[in-house]
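S.K.: Here is how the chains run, residue by residue.
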Amino acid sequence: MNVTEHLPILQVVLPLASAPLAVLLRDRLAAFVLVLAATWAAFAISVLLWLQVGESGLISYAIGSWPPPWGIEYRVDALASLVLMLVSGIAAVVLPYSRASIEREIRPDKHYLFYAMFALCLSGLLGITVTGDAFNLFVFLEISSLSSYAMIALGKDRRSLVAAYQYLIMGTIGATFIVIGVGLLYIKTGTLNLADLGVRLQAMTSHRPVLAALAFLTVGISLKLAMFPLHQWLPNAYAYAPSAVSAFLAATATKVSVYALLRFYFSVFGETAVFQRLPMEDLMLVLALAGMFVASTVAIFQDNLKRLFAYSSVAQIGYSVLGISFDSVTGLTATIVHLVNHAVTKGGLFLLLGAVIAGMGGVTLARVQGVGRVMPLTSFGIVICGLSLIGVPGTAGFVSKWYLILAALEKGQWWLVFLIVLSSLLAVAYVWRFVEVAYFHAPRADLAGAREAPLALALPAWTLVAATLWFGVDTSLTVGSASRAAGQLLGIAP
Amino acid sequence: MSADDMLILAALALPGAGSVAILLCGRWPKLRETATLSTATLLLLCVLALLPTVLAGGRPGVRLFELLPGLEIAFRLEPLGMLFALVASALWIVNSLYSIGYMRANHEEHQTRFYVCFALAITAAIGIAFAANMFTLFVFYELLTLITYPLVTHHGTHQARAGGRTYLGVLIGTSMLFLLPALVFTWHVAGTTDFTPGGILGDRLSGFALAGLLALYMFGIGKAALMPFHRWLPAAMVAPTPVSALLHAVAVVKAGVFSVLKVIIYIFGAETLAAEASTDWLLLVAGFTIIGASLVALNADNLKRRLAYSTISQLAYVVLAAAILAPLSLVGAALHIATHAVGKITLFFAAGAIYTAAHKTEVSQLDGIGRRMPWTMAAFTVGALSLIGIPPAAGFISKWFIMSGAMGAGQWAIVVVLLASTLLTAGYISCPSYIELSFSRAAGRRTRARPR
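Chains A and B, in that order, are what the protein sequence lines are. Sequential numbering of the first sequence, starting at 2, is according to my numbering. Sequential numbering of the second sequence, starting at 157, is according to my numbering.
These are computed hints drawn from the structure, not numbers from a lab. Where is the CB? At the ideal position from N, CA and C, for every residue including glycine. Treat the hints with caution; some may be incorrect.
[Stated by the list, open to error] Under the rule of at most 20 Å between Cα atoms (straight-line distance), these lysine to any residue pairs were calculated in the SDA-like manner:
1) A:K412 / B:G347
2) A:K412 / B:L361
3) B:K186 / B:R260
4) A:K412 / B:H344
5) A:K412 / B:G257
6) A:K412 / B:L366
7) A:K412 / A:D283
8) B:K186 / B:G257
9) A:K412 / B:Q267
10) A:K157 / A:D110
11) A:K412 / B:F364
12) A:K412 / B:G368
13) A:K412 / A:T273
14) B:K186 / B:Q267
15) A:K111 / A:L162
[What the hints assert, rightly or not] Estimated spans, in silico, between C-beta atoms of each pair:
16) A:L460 / B:A514: 49 to 57 Å
17) B:R215 / A:G481: 25 to 33 Å
18) A:E104 / B:E265: 32 to 40 Å
[Unchecked claim] Partial selection, computed: residues in chain B whose CB lies under 8 Å from chain A:
19) L223
20) G226
21) Y254
22) L299
23) L302
24) M332
25) V340
26) F341
27) H344
Produce the entire structure from the sequences given, and follow the hints as far as they go.
M.R.: Here you go:
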C-alpha cells in the first residue's frame, strides 16, 4: 500500500480522528499537542496534494474502492487543492496562536474541548473541499458549522452565547435549504456524485425542480458565506468569539462556502443553468455591490474593532461574489485570488486584534487609544493588513483588485470599475479610524503600561502579515493557481 | 550585471539602507544626522555617476521581478528621470542640513521617525524617477503618499490630523479612483505599460476614449495638484517646514508633474495627442489653475499658504507646457521642474527661518523683517525673482522655453495666460507687504516703535 495514494482521505481523517481523542485525553496540553500534530500533518498533506494536482491535473479517490458514482468519491482539482492548502495553512498558524490566546479568553477546564472543536471544524472545512459527493458535502458543512457554534459560545463575554445562538439559527436555516436543494437534485437524477450530477443535469437545465434546487442551494450557501443581506449573523459571531476563533472562521469558513458555491455553480449546474435560465448574473452583481457599499459604510461607524473588521469581511465577500457574477476566467480568477488574499489578510488582522486584546484588555476604539505607542509592532501589523484591505500596491489586496477591475473592463463596464475603486475608498475611511485612534491619541492612563504582545501571539500573527505582503509581491502561487482553477471551472483548461 | 545596473540598484537601495541606519542610531542625534547626511551624499554621487551614461545616450535598465504576468517592477534610465533623480537627490542634502537646524531649533519631537520617513520618501522618489513602466511608477507613487503621511501629521495635533486627512484623502482618492483604472485600462488596451518614446497606445484609442483616458491620468495624478484636486497641498502646510520643502520642492509635487510628463510623452506620445483635438481641455484646466491659484495666493495672509498656492500655480505651468505638446515647451516643462524646485525650496527655507527666528507666520507681520534678517530676506528675494522669471534667475530659462513653445505653436491665448500669471506672481511674491516693506527703513522703525 502506498500512502501517497490515500492522501485525499487522510486529509480529512487525521483532524477528524484527533477530535474525539482530544476529548478522551481530557488534558489541555495533550489535546493541544495531538491536534497540533494533526493540523500540521493536514497542512503537509495539502501541500503534497497541491503538488500532485499540479502534475496530474485531477485526483479522484474512491473511498473503500467503490468506484464513483456508486461509492463516495473524493476529488481534488486545482481549486480544491488551493482551498485545502489555504484552510489547513491558516489552521496551522492559528492553532499555535490559540494556545496562548485562549489562556486569557477561555476557562482552562474547557481548553481540551476547544481543541476538539477546532479539529472538528477543520476536518469539516477540509471535507467540504475535498469531497465529490453532494450529501457528503452537506454532512461536512454541518460538522464544521456545529463545531463553530460551539467554539463561538466558548467566549468569556456572555454576548458570545447570543451570537452563537443567532449563528446557530441562521446556519441551520441555511443547512436546511442546502439539504432540500441536494434532495431535489437526487430526486431528479438519482445520483449524488457531483461530477455525475454535472453530466446528467446538462440535459435538464430547464426543468423546474432543477432550477428550484439551484435556488435553494444558492440561498443556503449564501447564508453560510454571509452574502449581503444574509450576513446578519456574522458581525456578532466574529466580534464576541474568542480571538483565535474569530481569526480562524474569518479566514476559512466563508471562503470554503464560496468554494462550495463555485463548485455547485460551475461543476454541477453549469453556466447555462445558472446564468442563462436564471438571472443569477444580475442578482449577484446587485447583491455584491450592495454588500460592498452597505457593509463598508456600516463598518466606518463601528466602535468595536472586531465588529468593524467583521463588517469589512461582509464587504470583502462582496468582491468575491462580484467576481463570480462576471462569469469569465478573469472574474473567477479575481474571486479565487481574493479568496486567498482576503483570508490571509483578515486572518492576520484578527490574530493581531487578539494580541491587542491581550495587551489592552479590549478592542473598542476608546480602549485602543494610543495603541500605536504601547504596542508599536502590533499596530503596524494592523496598518499593513488595513492597507491590504484598501488594496494598496505591494499588498495582497491590490492583486485581487487589479483582477476585479480587469474583469469589469473586459466586460466594458466602466461604471462598475468606478464602483469597485469607490468602495475601496470606504475601506480607507474605516482603516484610518484605527490609524487616527492608534497614533494620534495618548493611551488611557491605566493602559499606558501595556506591553507589546508576547512572541507566542506575535509570531503567528506576523506570519500571516508577512504572507499578506508576500502575496502582494510574488503572485505566482496565488494568481497561478487561481487562473488554472478558473480555467478548469469554466472547462477551458484541462 | 554591468556597473550601471549596480548603480541603479544602489541608488534605489541606499535611502532604504540609510533609513535602517537612522533607525539604529535613533538614540544618538549626532550619529543619526551623520547617517542621514552621508546617505544623501552617497545617493547624489550614485546618481551623478550614472549621468555620463545617460548623457551619452545610454539607457541602462534593471528588471527586478514580475508581479503579474506581463507586469513587472523594472527600472530604466532616461534623461527626464535623470533630471528628477538629480533634483531629488541634490535637494535632499540641502534639505537634510536645513532639517537638522530646524528640528533642533524648534525642539521637535519624534525626530528619528522624521528622518526615517524622509529617507524612505526619497526611495520612493528615486523609484518614480527610474521607473521603466507606468506600473512601477504607480507602485512607488502610492508608496510616496503613504510614507509622507507621518511626515505631514508630524505634530500629531488636531490640526495635523485634519490636514493629514485631506492630504491622504485627496491623494489616495484620486490615485485609486482615476489613476488605477487608467493604468488597468492602458494595460488592457496596449498589453504593456512600458514607457516607450512615441507612446504605446498607437491608434487603438481615439476621440472620447482618448480624452477620457487622458482625464483619468491627469486628475488621477493628484500630486500634480490640478484644480479641483489641489486642496491637499495647502492642507499639508501643518507639517514642519522641512516637510513642506520635501512636498513642494524635493519629491512629492515634482513626482506629480514628472508623472504627468512621463504619461504624455511615453504613454500617449506627443504626436498622438497633438493629432487629437479632443484633448485640448487640458490646456484650459491648466490655464485656469495657473490663474486661479495665483489669485488665491494674492489674498492669502499666511506665508506658507501663499507659497502653497504659488506651487499649485507653478505646477500647472508644467502641465500647461506639456499640454502644448511642442518640443520646446516639453523641454521647458522638464526644466521648470528643476527651476521651480530650487526656487521654491529657497522660499520655504526662508519662511521656515523666519518662523524659527522670529516666530512669524503671517505676511502682515513681516514689516521690517528684512532689517532683522537681511540674509534670509536676500535669499527670499532671489527665490522670488526666480519664481517670477526675471533673468538671471533660473526660472527665467524655463519660462523662456515654455513661452517660445507656446508662440511657436501659435497658442496666443496661452501666451496671454503666461504673461498675466507672471504679473500675478510678481504681485503675490513681492507685493509691498513683504519684500519692499520688510526692507524699508520706515517700516523697520515702525515695527520697533510698536509697544511689545
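S.K.: Which of the numbered hints above does this structure break?
M.R.: Result: hints 5, 9, 20 and 21 break, sorted rising.
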